[in-house]
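Chains as they are written, first to last, in the UniProt record's numbering: chain X, 1 to 325; chain L, 1 to 379; chain G, 1 to 485.
Rather than coming from a laboratory, the hints here were simulated on the basis of the structure. Every residue, glycine too, gets a C-beta built ideally from N, C-alpha and C. Heads up, some of the hints might be wrong.
[As the list claims (entries may be wrong)] Some chain L residues near chain G, calculated using beta-carbon distances under 10 Å:
1. Glu73
2. Ile213
3. Pro341
[What the hints assert, rightly or not] No farther apart than 20 Å at their CA atoms in a straight line, the calculated lysine to aspartate or glutamate pairs in the EDC-like style are these:
4. G/Lys27 / G/Glu42
5. G/Lys264 / X/Asp227
6. G/Lys142 / X/Asp163
7. X/Lys31 / L/Asp342
These are the residues of each chain, in order.
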Amino acid sequence: MITLGKALNHGLRRALEDDPKVVIMGEDVGKLGGVFRITDGLQKDFGENRVIDTPLAEAGIIGTAVGLAIRGYRPVCEIQFDGFVFPAYNQIVAQVAKMHYRSQGKVRLPIVIRIPFGGGIGAVEHHSESPEAYFAHTPGLKVVSCSNPADAYSMIQQAIASDDPVIFFEPKRRYWEKGEVDLSSALPAATPLHSARIVRPGTAATLLAYGPMVRVALDAASAAAEDGRELEVIDLRSLSPIDYPVIFESVRRTGRAVVVHEAPGNVGLGAEIAARITEECFYSLEAPVLRVTGYDIPYPAARVEEEYLPDLDRVLDAVDRSFGW
Amino acid sequence: MAKGESVAGTDIPAGGFVQLLTPDGERFDSVTTADGTTYSVDFTDEEYRELYRDLVTVRRLDTEAVALQRQGELGIWASLLGQEAAQVGSGRALRPQDMAFPTYREHGVLYTRGIDPIMPFGLFRGVDQGGWDPNEFRFNQYTIVIGSQTLHATGYAMGVTMDGKTGSADGEAVIAYFGDGATSQGEVNEAFVWSGVFNAPIVFFCQNNQYAISEPLERQTRVPLYQRAGGYGFPGIRVDGNDVLASYAVTRQALDNARTGQGPTLIEAYTYRMGAHTSSDDPTRYRIASEVEAWKAKDPISRLRAFLTKQKIVKKDFFAQVDDEATTKALDLRERVLAMPDPQPVTLFDHVYPNGSPELDRQRAVFTEYQASFEGSGH
Amino acid sequence: MSRIKEFNLPDLGEGLTEGEILAWLVKVGDTIELNQPIVEVETAKAAVEIPAKWGGVVTRIFHEAGAVCEVGQPIIAIDTDPTAPPVPGPSSPDSSASPASPASSASAASSEEAGAGLIGGPAPGGRTAVLVGYGPRTTSAKRRPRVGTGNENGHAPVAPAPTPVVPAPAPVVSTPAPVSPEPVVAAPVVVGGRAGAVLAKPPVRKLARDLGVDLTGVDGTGPLGSVTRDDVRRAAAPVVPASGPEALDLGSRERRIPVKGVRKLTAQNMVASAFTAPHVTEFLTVDVTRSMKTLAKLKAGREFADVRISPLLLVAKAVLLAAARHPMVNSTWSGETGEIVVKDYVNLGIAAATDRGLIVPNIKDAGRLGLRELAEALNTLVQVAKSGKTPPADMTGGTLSITNVGVFGIDSGTPILPPGESAILAFGAIRPMPWVHKGRIRPRQVTTLGLSFDHRIIDGELGSRFLRDIGTFLEDPSTAILSWT
Ligand SMILES: Cc1ncc(C[n+]2csc(CCOP(=O)(O)OP(=O)(O)O)c2C)c(N)n1
Ligand SMILES: [Mg+2]
């Protein structure tokens, strides 16, 4: 059993071993091993040219990663916290996302941008945000989020091996949750990077979640099972592209869907997923697709964040409402 | 070369800095830099004692905050330990009409502005995100995103010029605080560009505490930071940030230049972050104990204390008295922090927009009803 | 007011439930100040000093240095007002330092590597320390009780409340809605700008289309006058001649049973299945005399001495073996993805009549079970089903099913596929019948098998071969086993 954070560490280590072109860059990733210790020990073992403590400038981190990638490297960039990706937003959205398209396929940018995201850690402002929709909205980027140690280990390696730019969202409040990870497993055996996974089968309704909210959805499903209601939980894993066939198949069986995410609901991923389910599963729906999300407010102060964050009760409240239709 | 500028052993960085008080409490009357500016201070005995009182108090309050964090009463605390002189010196140099733009570590500057030190605790306790009016206190909200406030300060300073409030001795000036790490941010460099182009009445006060979390200064720059200013067309100067007198003198001068219409200055206050970056950081991972020890010898408080003692500016029990007063303040602060109530959940929806929004009203109503649906919610 | 306060070892977070006292920096009798470091605690690598929460005199130290102490236990007692006369009676533990959620079952754990208060190490309140705040806390997987729901668990009942709901502009966005949906607006509502448009839920529209019912002509009896499934079915049914003026009041002799629970689910499943999968049913009558003999031998043998076995066991085995020979029958039609999902495991469903209605629990990966294990699984499944305690997980994921209509003395039937499955076998009563055996009419034990299958996936030929194989097995299990496996 290892923690999700440690699993990422192992995955990064393996990527560094497997491909000499992989470089890790970011603030405090070297000697300190990152503020969450995800890159712990990597600079010691791979040297300062492969695990690079960068100047404190996010636009610089991503902008130089573009150049490195054009030169044939596979940069793995760490943005220290979700709220600090915005200085790099221009580089990501205007450059990284479009390079392949405007070079008519001649330039690939196999860049991974790791972002610890989401709340629940009692932090000061800018350290608890869920900016995934901004990136999922941007064509040319792939966006994924892991929810457990085993996925963390395989997905980070798959993301690095991918020729696409991948925004890799890490559920920071789950960094210390433990799970079994087969560190010897070969990558091809792992679930493909952009596949969703049914993490708990059920019949009554489908819960869709990703990253930190998968645990919440699973907890909600256990609580619901005690009431005799079997909820199916799907871990989306990939936010762009979304693995819709798995979702549709499930919703057609259950007739009900609830999407859960921390980010505000307005124009969030839940809105898109709800729209697609409605388009594709209209006649199977017993109720509208419901969303349990953060409110449409800036992320609040630590001492009220538990009121803001979707939790088991809010998820089950939505399930109850779905059954009231 | 002025005395203070000599490169003396490890005490003074290559390129020198303005120093009026040595670590041993030796006082230079004045220092004249290469550009011919002379820096000195002219304090009364009472003013020296006040400075000492400030330094001790802000450190004592900081110590209390660190303990409160350890006891689970604050989510985080960014300690100013070691940077008291840079903050008290520059803060005292501000005139009432001046405006300060802090980072998240300027509790000492806040204190010198006469603001109740509890003001930023809501942010660190996680009961609010600041919530004060920058204009009321002439002290902007803390800014956590590195460097952003330098542009805000620049814009504010441009406004000062537009309002015609520069050009005389009672003009207004603006000071922007930031760290050594922040100098790498594009936004900070843009602030330099804008301030230069618009000749803004601003002082960029960079506390070079040698680290940006774990990264040493070499990760941010090849030249001493103050030298960056030249490229943007305004003067830069380095000051001994552990010397409260020099910090005061240099800042005072730069602010006066700004208020009289002579444009921006970059001050690099050369200092050291004695503590962890924030409460949960583990600095032993990236710096050695001997380095911290070396800086201990340059402590900002002990040198002023030595000076006051040598000069016989203080009575026998003065130091004990100051310590006691500081402790009283710290305990009072502790009590008041512990008494800070958690916010009412429904306030989540307040202040998103000046005039609200119907959608948020709906969400608030639904939220309220939902909250009331639980047992024990006292509905 | 007690003035002796106990300070508890801060909760080290999930997974780490104890910490080692490295060194005491104070001893009993010492006068200590607020925030004075009192103890060094070590988790793995770094030692962290914990400052005193109160000033006073140390009256007790609970664990010596070197001791490993449990989280939430008192480590030191401090007399916060030593000049006052002594207070008898128990001391009051410091509640704020006790674990926030002692019974939390989530799996978060503090890193084994980090010291208290350092990143990844334990932080006060059962959290894990981070650079920038209090740190994450583990939450429990229990529902908070809600008011006025009247059931033991204190939240909304599972059975859907019959409260009407406005279908279109309903409270669905991003926030928890009130417990009961919005009150209904009494006036007729115009939905989506289509004046007078008929209100009906998507599945009702589907049903109407399948039954050829034009919704605009249907009087809705549902919320806001929306059309319900029953309305559609009524509209689809042949018109009953209106009864005369002196028609009897038969209504008072009707019983109305609310459709809910298993009945409702069954109804939904059956309708969904019947109207999506084109069903074909084939029949095969077989001589199972040899099977019955095999069964008798098994019963007599030692291995099956203590398990109840019935012909169903052999039918189940037959189905499993035949499915292995024809994997396509064990598949799901995934229409909208344009795929057929073929499964190489069989979750074998057994339809069971229970007091609450029909359920089809299944035996997971039944193909991998030996005959004895299969027998045991069948027995448990049936017993549990009868007792009404079938766990929901057993009712999902079925891939292939058997319905044993024989137990009701019935010869056969045309079963409806459980949704998502492609074949179901009806197993009729076994009766002694005149049968041509080795050229002569003999009384033999005979049964009829009825196989329904999804014609989208399974062609007549495949269905026939599958059924034929089941029959072959039941006619002579030993030979079938020898020649197939
Ligand atoms: C844009 C941005 N990136 C990253 C961070 C995370 N972070 C917080 S403090 C810090 C180091 C700041 O160093 P410096 O500017 O020297 O100020 P100091 O903390 O030393 O006072 C970093 C990287 C941030 N707050 N904002
Ligand atoms: Mg710094």
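Now for the hints, and whether the structure bears them out:
Taking 10 Å as the C-beta contact cut-off toward chain G, the hint placing L/Glu73 at the interface holds, the least distance being around 8 Å. With a cut of 10 Å, the hint placing L/Ile213 at the interface with chain G holds, because the nearest CB-to-CB distance is about 8 Å. At its closest, the beta carbon of L/Pro341 sits 15 Å from a beta carbon of chain G; the interface hint therefore is violated under the 10 Å criterion. Proposed proximity of G/Lys27 and G/Glu42 is supported: the alpha carbons are some 19 Å apart, at most 20 Å.
For the suggested pair G/Lys264 and X/Asp227, the alpha carbons sit about 17 Å apart, so the restraint of at most 20 Å is met. At roughly 43 Å between alpha-carbon atoms, G/Lys142 and X/Asp163 are farther apart than 20 Å, so this suggested pair is violated. Of the pairs offered as hints, the one joining X/Lys31 and L/Asp342 is violated, with about 38 Å between alpha carbons and a cut-off of 20 Å exceeded.
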